[in-house]
Amino acid sequence: MSSPLLLEPDLIAAGENVMPELNNDLLLAKNFLKQQSAATGDSLYDHLVDIVHKIISQKPPNVVDNFEKYSWEVKADKFRPNFDLLNDVYLTPPQLAVVRRMEEMFQLVARKAEKMEDFGEEEQELDLEEDTDKPRVSDLVDHNYYFRQGGYGLPESECYAVYIALNMLAIKEPVATVRFFGKIFGTKANYYVAETDLTVEELDRRIREFEMKDMPGEGEGLDEDRLPEAEEHKEEVGEGEAVDEKSKEPVPPKLPPVPVSTWQPPPPIPVERPGQGVNRKVFWVCNLPGDPWICLPDVTPDQIRVSRLTVRCMTGDLDAEVQTFPPFEGTERNYLRAQIGRIQAATSISPQGFFTYGSGEEEDIDLEEGAGDMAFNPNPFYQGHTLKDLLDPNLTYWVHHGKYILNQGRTLWWNPNVGMEEGLEEEDDEGPPPIEPESGPMLFTSLAEDSRIESQASWTPRTSTKLTPERALVVMRSNIWPGAVAYATTGKKSECMYIGWGLKSQPPNFTPLQLPLPQDEYPVGPEVMEMVDPTFADEEAYRIAHLPPPPPPVIAEEGAFGEEEEEED
Amino acid sequence: MNIHKLWEYREYVNVNGMMLSNELISFLQNHLTVLQVENHFTHMQYWGQIYAVDADYHIAVGINKDAIHDRKYYYSTDFKFWGLLPKPKKKYKHLSLLTTFPFRGDPSLKIKVIDESFDEHNPDRCQTMQEEKRLAATISNICDEAEVCARGQLIKQPDGTVVINPNFYGLTGPEAKLIKSYLHIRPAQQRWNTNLLTRPDYNYSMDFLDSIDQDIPSGCWNLSVEQSGNVAYLKSLYWPGMSYFHKIRSSDAGFLYVGNGRKILDVPFLI
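Residue numbers (the numbering used here), protein chains in the order written: chain U, 1 to 569; chain W, 1001 to 1271.
These are computed hints drawn from the structure, not numbers from a lab. A virtual CB, placed ideally from N, CA and C, is assigned to each residue, including glycine. Relax, there's no trap hidden among the hints.
To give an idea of the interface, some chain W residues facing chain U are shown, with a C-beta separation under 8 Å as derived from the structure:
| no. | residue |
| --- | --- |
| 1 | 1014 |
| 2 | 1016 |
| 3 | 1100 |
| 4 | 1101 |
| 5 | 1102 |
| 6 | 1167 |
| 7 | 1173 |
| 8 | 1222 |
| 9 | 1229 |
| 10 | 1237 |
| 11 | 1266 |
Given only the sequences and the hints, what does the whole structure look like? Please build it.
Given below as structure tokens:
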């Protein structure tokens, strides 16, 4: 057809013309497309216009492949609720809660920093005193940089927030040193763990509190010992009453006395006091940087013993119940502390010579007693090792600086016979044989002497780079506590960190402790054993078998005679 | 994880404290891009590491047409030589679960495995297995049980092939907190309509895989939203070292396994 396509008003005008013509067909088609749907009031014409408009304006790639999706999106856009009331409600971004908490922490640290600055300017002379008061916060940002070189560590955003949180801990709480211990995953929330030393005053206060608590504790123990005796007295009294009543009422059958258990619990292993052994360090945890730090309670030997026999994931709630066998005394707070104590004892490693006893001068300490609980400090004369030494697969250049926890659950062995011996002397009995004191490896024992796990060394050394040996550092990865790592540069830097689930690797897998066998109530013999009742046939057989044996030849002769006699008769 | 996005993803990766170091990312990008070109893969992904005594294994996946069935796994200890992993046999998949000792780092090493379920005199009790085959079987086990993707990341096309969705815009905040939004990357083991029937907003092209909320026991997956609600992390208690991250409302997502390749059988005790 030669005539050009008509514009819209012309089209409507042409609609009156009923002759079959292109413009007429077009109009009919368009009218069809513009039919409104009864359900939505929308028409396909408008919809196509919207789609084309959206595609042209957004210019997405390969529209033809997901054209349906675009059509769907355009439709979805139209169904946005448009209520006036809700239109003005502003939805806060989910990050707000986190930001609020972080802001508080940042302001606190900023205020402190300002104060310190003013203080420093005014009293420059008193700098020395100021230094002693100020808690030392280990430089997590710096250590994290080295960890990341070796392929471990925290993401940058997290690392900075945790570092500020450590500073907040140092400002708020009475601590002398702060170090980032690591992160422990939980099923609902994670824990960030800080390891601290308390200030001298706070430590004294806690020791005093501990001793106050300990003394009544011993008294209670004595009371418990007396209890059975008291019960016995009561029973005697009860029997006496029964005797009185005997005259009036019929005689009750005489019962044997109720048996009293002779089992005595072994004396509880004393807890190590704050600032000693497994409780040398105080641990603080929080779920997110910015949350208040919560101090974990000191750990008892029994908690360590139980935690060694069980596996459990943290939940992220410090007051969660710990259901284990053998029963665990305390909530997740105590369990977490016990696990941290074990991890710290097993995975604190450093290059040989990095730490030294005391300040490196006090050599004459009695190793027999004091060595178990001696303080150690960074060695000022440490010069670093070569890369080759640190990478040595025999691990002789790495040492533990965490104290070994004995089977007792203490780092210092406690003699359970000490209290008994005094009493035993009077009785002239042979006391229990002297117990062999447990001993673990000394502090600063080389990793080469660790027990191996499934023919694998307990740690695996790896170098951070192969291309530039001058920048290289060594990262150690624990095979026993997956997630524990330590690094050391060829210079004077070393640190360890734990990021994991708080689970020890136990090939092939964990076996729960068996329940103890039930005790025998009575000696097992034929009179209490269950057996089948004899039937009549059995009894008959028994009777016949046990008849008095008649002398057979005599009977036969007599019978013969008798018969003969009868016959004769 | 897509190897061309490793630099962007490094901030999100965190498996038991493990992060990607600069040198590792550079090595991986260089060598895996070459590997991708040589084999004409449409996608090349870094799968993870398996710890070994002498040298760790690095695993890469090449994906061609089908994102589920057409996968090829490569391993390397030095980044230079990438070996194609053999197809895992059922027998080795079983044996690799029984082995408790660590990988050695030598693919040609032959190891002996004792299957305690057989009698003492049964010849099948003690079997030998090459470390390469053990590696393939271990990886296959992990993929079957722990490799996941967000819902919508893989779509099934009308012709039956599964492709990585180029228009994946990520899960929304509420969706990312639901464990049902994550699917196993494996041929579906449930009935084909199990997943469809349990969702109100079902979609035939997305819900053709098993969702992980069906796994037993119900606490064996750990889903957490971190970095002030921006990134969702998924970890498996059965395979510690497995980690999946997804940046909410974006197409950024990645799977990584870094660990010793041992399945933890203690999960019922852990939760």
